[in-house]
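For the record, the sequence lines run as chains X and P. Using the numbering used here, you'd call the opening residue of the first sequence number 3 and step up by one each time. Using the numbering used here, you'd call the opening residue of the second sequence number 2 and step up by one each time.
No lab work stands behind these hints, which were simulated from the structure alone. Each statement offered as a hint is correct.
To give a feel for the contact side, a few chain X residues facing chain P, derived at Cβ under 7 angstroms:
(1) Ser-198
(2) Ser-199
(3) Leu-200
(4) Ala-207
(5) Asn-211
(6) Arg-213
(7) Ala-214
(8) Gly-219
A few chain X positions that, by computed beta-carbon distances, are all more than 10 angstroms from chain P:
(9) Ser-165
(10) Gly-177
(11) Ile-182
Just so we're clear, the structure is a prediction, and the values are computed from it rather than from any experiment. Virtual Cβ for every residue (Gly too), placed ideally from N, Cα, C.
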Amino acid sequence: MNSPQSSSSSASNPLANVLSRESLFRLLPLVIVLIAALAVGSRSENFLTQQNMINVLLQSASLALMAMGMTVVLITGGIDLSIPSLMAFSGILGAMVLRDGGDPLVAGLVMLATGAAVGFINGFAVAYLRMIPFVVTLSMLAILSGAAVSVTNARSIGLEPGSPFISGVSAPVLGIPLPILIMFAVMLVLEVLLRSSLFGRWLFAVGTNLRAALVAGVPSRRVIALAYVASGLLAGAAAVVTTALQGAAGPTFGREGVVLDVVSSAVLGGVSIYGGVGGAINAVVGAILITLITNSMNLLNVSYFLTLVIKGIVIIAVVALTTQRKG
Amino acid sequence: MSQPFLQMRNIRKRFGAVEALKGVTLEAHAGEALALIGANGAGKSTLMNVLGGVYAPDEGDILLGGQTARLHSPLEAERSGIAFVHQEMAMLPTMSVADNLFISHFPTQMGRIKRTEVLDACRAALQRLGCTFDPRVRVGDLSPGDQQMVEIARAIMTDPKIIIFDEPTSSLTSREKQRLFDVIGALKRAGTVIIYISHFLDEAFALCERAVVLRNGETVGGGMMGDLTYARVVELMIGAQNASADREQQTRQPGAVALQVEGLRREGVLRDLRFSLHKGEVVGLWGLLGSGRSELLRSLVGLDPIDGGMLRIAVNGELRALPPGEARRWMGIVTENRRDDGLLLPMPVKTNMSIANLPELIGRIYPFVDGRREASVSQTYVERLKIKIADLRQPVRTLSGGNQQKVIVGRWLQKAPLVYLMDEPTRGLDVGAKAEIRAIISELAEAGAALLVVSSDIDEIMSISDRYLVLNRGRLVAEFPRGASKNELMAAAAGVGT
Ligand SMILES: Nc1ncnc2c1ncn2[C@@H]1O[C@H](COP(=O)(O)OP(=O)(O)OP(=O)(O)O)[C@@H](O)[C@H]1O
Ligand SMILES: [Mg+2]
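Could you build all of it, start to finish, from the sequences and the hints given here?
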């Protein structure tokens, strides 16, 4: 059975081994962080309780939605820095609708539509005007942060306690708070879309080699623009969740630490900042890990600013690890 | 005879389930050129990567001048006097020629690069190859042929004892080729060992003293060039199977117009081009390197910008005017450089073959690709083109050069567009595969496609074309029917008599 023909069938196994070894390696930083977080966290009594676990997932929901949006853009080889400020801004617009006695459903749709609309502007600028993603989305971040402060006079907008928006979004279904279910549902849908839809396939092609994708007839501009729309829409979804969970919306919701969290979730989960590699599950796992780190820092009374320092170091370490692997 | 300077003994190398080298033995003497011959995927590049320190062999020894050599990295190989001109160019396109030539060993003085010394050394090295361009220009701005010359200059600059050439001529003009051959002659006289890989057997016969033939990772024969014949080498390469001869060319009746090009122009590159392609015909686009033939193909699909002109393409039997960016939907293009704008290197073979055809592979639910059909369709073309792979999920980067080229051709066969644009479609293919691609080109025309083919090999162009268009400095200077002679084509391309 050593003829070259028969090798094709027996080849799949060792090849699969190699593949899984590689993906295992990508999970390595994740495992290290998880162990570290658990080690730190377990020194506090509250850390391993079921309630805290639910809390961690609940706190992860908004971050995970944003990280999934970031992942879609990262796969194209771009970056969307405007996500957190877009989340804050959409939340504010929705909260204003609620404050003026608007319907909760309308408020939710306003948040999603704002996200998608701003995402479209980003996408249009990057794909059709061929501007650099970093510049476009950094400018958008500035615009949205400024706009958020000026429409609110730098104050957050509180929802009335018992508002139907809050109860509608955060209500438990089968004992699990709705935001957690939203997070996992979006993850599943997005993962399937990325792996086996036309858009998903095109997205990876564009991120792997833009020129080769063009030559192969991939409608690259449309695909790139759509990636930013998806990212904006997910920022809008994060706004819905955050507004309901916080019972408020405000300009500080998108502050600098959040953009760091969003990028680190994606990177920590194994999404490549060079494009062409990643998935929704990576983003969610990364977001939960980042939340775990934040959470354990809180339990240990580490200051917000020191937490930033630690997270920054973690990102650099992970990128260094994965880059070395690449070269 | 003297003791061989280089001895590779019983080299084995396995990648996962694929045993690329199954105990290969090779010897080469100082001052001689050794031809390393074999079909696509035979293991030539892998063997040379072992010698060049890129891959560590699983088994076997390498001796240099009778001593076991330590070659654990390309740098160690370089220090042991081994230089490697790779099959796939590996340069830094945004950096200057000088930077590329000196990247691993800049001469410095207290940390500062000695600029004038570097430039002088570069000019000297380029001059040996008869190149006239300035070492300060960016490598990315050079033609593929000049880029290849830079790569060769980098190899000879270190004064190595062994130089490996892995298909060095596939992007050279005939004049550049001649200069390379002169340099190889000089190197041989200076006692250098040359290992020469090429699918152009005439080059091997002209340049080399001895040959080693590989098949499926094994040494199957070789000997002094004088004792071998072309037919014998081909038989060793592909086994006792018949080397499929080019079949008799049938005269085809071209059909309706498939693509009409009107006034296509680009400042300094393409000048007011007008021509049409008919269904069921193969048009050979002939011209010297730099005449604008690749640029023409690229602008037809919107890959290069144009300053004016229009395309009309037959959509449902009616000619419709479209800008190149949209006309692309009806055209397939095999580009000149498969790594830059052809392949998605880290992605599976399957994805690379289906990427142009995905909308046709949608399953029952709209945006979702039917993975099983995708695999089975891709498998069909893998078999049709005899692409040597271990698994459809194998990253295309791990295929041999020739097999990567076949993947691109397979991609367009799968998509079956109305118009095929092919820029050097047989680049890097072995003799058997070249003949197969030529046969496929004929079949496509017979099935009603229109084909515009570029090749620097005049015999190849002449064996497939129904009609010729000749370019000279961006201008269409002549059109010939099938019966045109080689001299007519050559003269027209050189601008004689126009
Ligand atoms: N990194 C790798 N991983 C898996 N398989 C590989 C890898 N590199 C080479 N191979 C396999 O080894 C075999 C020999 O490849 P090699 O590149 O040496 O062929 P070659 O003789 O140079 O062919 P060509 O004429 O097409 O360049 C091929 O089947 C190829 O798929
Ligand atoms: Mg090769």
